[in-house]
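Asker: Starting from the known structure of chain A, arrange chain B on it as the hints suggest.
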Amino acid sequence: MATTTATDTQALSKKQQIVEMNWDPITRIVGSLGIFTKIDFANRHVVECHSTSSIFRGYSIFMKGKDPRDAHFITSRICGICGDNHATCANYAQNMAFGVVPPALGEWIVNLGEAAEYMFDHNIFQDNLVGVDFCEQMVKETNPSVLAKAEKTSSPHSDLHGYKTIADIMRALNPFTGAFYREALQMSRMTREMFCLMEGRHVHPSTLYPGGVGTVPTVQLFTDYLVRLMKYVEFMKKVVPLHDDLFDFFYEALPGYEQVGQRRILLGCWGSFQNPDVCDYTYKNMNAWGNRMFVTPGVVVDGKLVTTDLVDINLNIRILLGSSYYDDWEDGETFVTKDPLGNPVDKRHPWNQTTTPKPQKRDFAGKYTWVMSPRWFHKGDYLALDTGGGPLARFWATALAGKVDIGYVKATGQSVKIYLPKTMSLPETEFEWKIPKWSNTIERDRARTYFQAYSAAAALHFVEKALGELHAGHTRTWSDFKVPEEAIGCGFHEAVRGVLSHHVVIREGKIANYHPYPPTPWNANPRDIYGTPGPYEDAVQNTPIFEENGPDNFKGIDIMRSVRSFDPCLPCGVHMYLGNGKVLEQRHSPMFGVLR
Amino acid sequence: MTAQAVPHGRATQKAPAVAEVHIIWITAGLGCDGDSVSITAAMQPSIEDVLLGAIPGLPKVILHNPVLAYETGEAFLDAFYKAEEGKLGPFVLVVEGSIPNEKIHSDKAGYWAAMGTDSATGQPIKTTEWIDRLAPKAVAAVAIGTCATYGGIHAMQGNPTGCMGLADYLGWDWRSKAGLPIVNVPGCPVQPDNFMETVLYLLYQVAGMAPMIPLDEQLRPTWLFGATVHEGCDRAGYYEQGDFAQVYGSPKCIVKLGCWGPVVNCNVPKRGWMAGIGGCPNVGGICIGCTMPGFPDKFMPFMDEPPGARVSTGSSSLYGRAIRSLRSITQSTLNKEPKWRHTRAELTTGYHGRS
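Line by line, the protein sequences are chains A and B.
For what it's worth, the numbering used here labels the leading residue of the first sequence as 58, then goes sequentially.
For what it's worth, the numbering used here labels the leading residue of the second sequence as -18, then goes sequentially.
It should be emphasised that the hints constitute simulated quantities derived from the structure, not laboratory data.
Small disclaimer: the values here were computed from a predicted structure and weren't measured.
Heads up, the beta-carbon is just placed ideally off N, CA and C, and yes, glycines get one too.
Mixed in with the good hints there might be a few duds.
Unchecked claim - Chain A stretches covered by chain B per the calculated footprint, using a threshold of three residues with CB under 8 Å from any CB of chain B: (1) 82 to 92; (2) 134 to 147; (3) 240 to 251; (4) 272 to 285.
Said to hold, decoys possible - Covered stretches of chain A (in silico footprint by chain B; criterion: 3 or more residues with CB under 8 Å from a CB of chain B, positions within the stretch not fixed): (5) 322 to 333; (6) 529 to 536.
Bound conformation, chain A alone (with noise of 0.2 Å):
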């Protein structure tokens, strides 16, 4: 069964006015990008998208033989915004394939880190880069009527943020020269000084290894930390009334703006943040550390959460190529012919992957793109899950479990309340995120806002954890190892904008094999195999049109707001390019070929 939304035929009223219309580079985003699309201007909907990346590096390739303790190290610089994701998750799998367990207090370190990189990456991107996108010069450009709703509409939240009209906000949004832009540009620094006091330095951190960390444990670093993470606490007062009056407003200024960047709501989370009472990185004991991490991993399909497990998670998840530059290896080595437990392990799982690219011209019918396919397997269907850009799959799976309740966060089986305690100027306060009707490209940037609030209120607890520790005089931030001859691991993780795992296989003491699968291969994706499109294309593919400007100078604003509100980050695994305006063919709706 292909995952994509059935198209809205309803909306071809009109004779079909059909242009091709591409971007490559997309900008704003990290890494190499390009979306192509035919838009019917006459009925203001995306009728095609594809999605392609241009760049290759070949991890998989270089990994080989090389010192399973280096994975760490070599991995993170798979990304430059979120390449501590990788070397954490790296070291999650290093742990799992060594048989060490960190001390701790090394534990609620690695998720101080984390937290603080939750905390800057969802602020520079939501505000700095996604945020321009709605900032005034853009939305002048795009949709003068819009702006001049805005001057009118009052902000309902802005004795918290002190931006009058939601005009004023999006001028607060425009690049450089706008308040908010540059506050949370400064903010982003500040963030990422609390990370650099866990992890080194940002973003290839220097003090993580498997077994634990190098990070002096004191009293002056928690409290470098904690100082710092109470400011991001009342910045994040102001900021979630903000977006939310941000982006609700937009569904009232453009009716129908929830069906921008709308698809199927199927989602992926691999959970977040270790609980060191109980997880002994084992892959027996998988199911049950995994859920007491404190963002529980899950998936979600059509608002049901199928799975908990990540055993389950890591069983099914299947890499298909279709229209990416790889030959298959369906004849290549199978590593890994049993899990731990004895469950089968596919051909086309990561542990068995063998990655051979084959460079070739670029042809959208055949191969378009170096990403690959990866799916999840689920009562016979390859579903082609999303990460909602990280922090909507993080909530709705989560929310949905119910199982974290830290009193800082509470997952209640539909919603998660995030407590923030009293600041320097503003008092106590709860936010609650609630699950939304759509998985859409305004619910994922308020997500984002959400998540930011989350990280905070988890690190208050992560804080409290460690100084515990230190208190109690258990001051050992790392155990020690020894790298097994033959071994395998694996390790999830949430990256910043979605699912990341790593899978590795050692044998004779050096890497034989190693996978790691980052949240934008899973969102970026091209066509499988069998025809599937991956969530960009099949987003993008399903977008009403609300710009205002015709082909002549059109932007594509939609189609940018709903690529950006997955978080594009291709160094881990897509470009758009604005065509030049060629009309590709005008024809008659079969259903309405009378009407003009």
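Answerer: Showing chain B alone in chain A's frame:
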């Protein structure tokens, strides 16, 4: 009358030799965009300090970087096309990511790295083609991060792309049309302020307000890379006392746990990562030599004690010329790239396709 008068002190302000300088930034090498992200962390100066004219004497600076750009697609590439045609005005070319060897494909239409689409062919425009088009027109070319400077992690032994640094690609004796050599600012990623400070220097030089930028043999700014990690590390006192950490997490010298600090050119322990916070050995992270031409191969496996360290640590009471000359031998090896990073039409990294 004084209210309208020109302030006396305005005489201190000099007009730059050029009114506007563009920065054309290519992130489409084999990289991770980590250097672009890194510079958003810079505070000395910050990116907005430079773009909003908060530093005296600078020309107006217009940045064309894909991670930060307002425009997208062809609108973004417009400045690149103008630069190629010589219609943009003076520009500094910044290259991020290592340069793949596109001469090794069996299918000639194949590519490893590209940005944008050629309107004539509908095919991607290779990163190497962009460099070929733009480098001859630039007043200066800067390689940011270790991938672009020397090849870095993606140029590791066994890599399939045959990638290399910018100077390997353009030639180590390459000069810009204004007579400047390539400027290398290595680091994986680049330390934020190290890069912004180098750009500031170059902008002053282009504005006619600073002499030729001082570079070492590896084309690094001498004031940033002249000292070793060890010389700037606050754990060097433990080294001096022969007091070495046995486990990660100890505040002592970590040279026996894999730190290459004594022979690596880098200022990070001294400067910190940002605002003086963070770093590498100073905060418990072994130095893996990420600023060096020999990175990563000559430093792997990272967590083993460096071969020279035992000799040096065992005789750490013997100060002076003897130690320095021993280290300078190691250092000069680490300051050379492995031999498989080249522009020849063959892949010599050790990768042979499917085995």
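Asker: Give a verdict on every hint.
Answerer: Against the structure, the hints come out as follows:
1. 82 to 92: It holds, with 9 qualifying residues against the three required.
2. 134 to 147: holds (count 6)
3. 240 to 251: Contact hint for the stretch 240 to 251 of chain A vs chain B: holds, 5 residues under 8 Å.
4. 272 to 285: As far as the stretch 272 to 285 of chain A goes, the hint holds, because 4 residues have Cβ atoms under 8 Å from chain B.
5. 322 to 333: Violated - the stretch 322 to 333 of chain A has 0 residues with a Cβ nearer than 8 Å to chain B, which falls short of three.
6. 529 to 536: The restraint on the stretch 529 to 536 of chain A holds, since 4 of its residues have a Cβ under 8 Å from chain B and three suffice.
The structure shown violates just one earlier hint, number 5.
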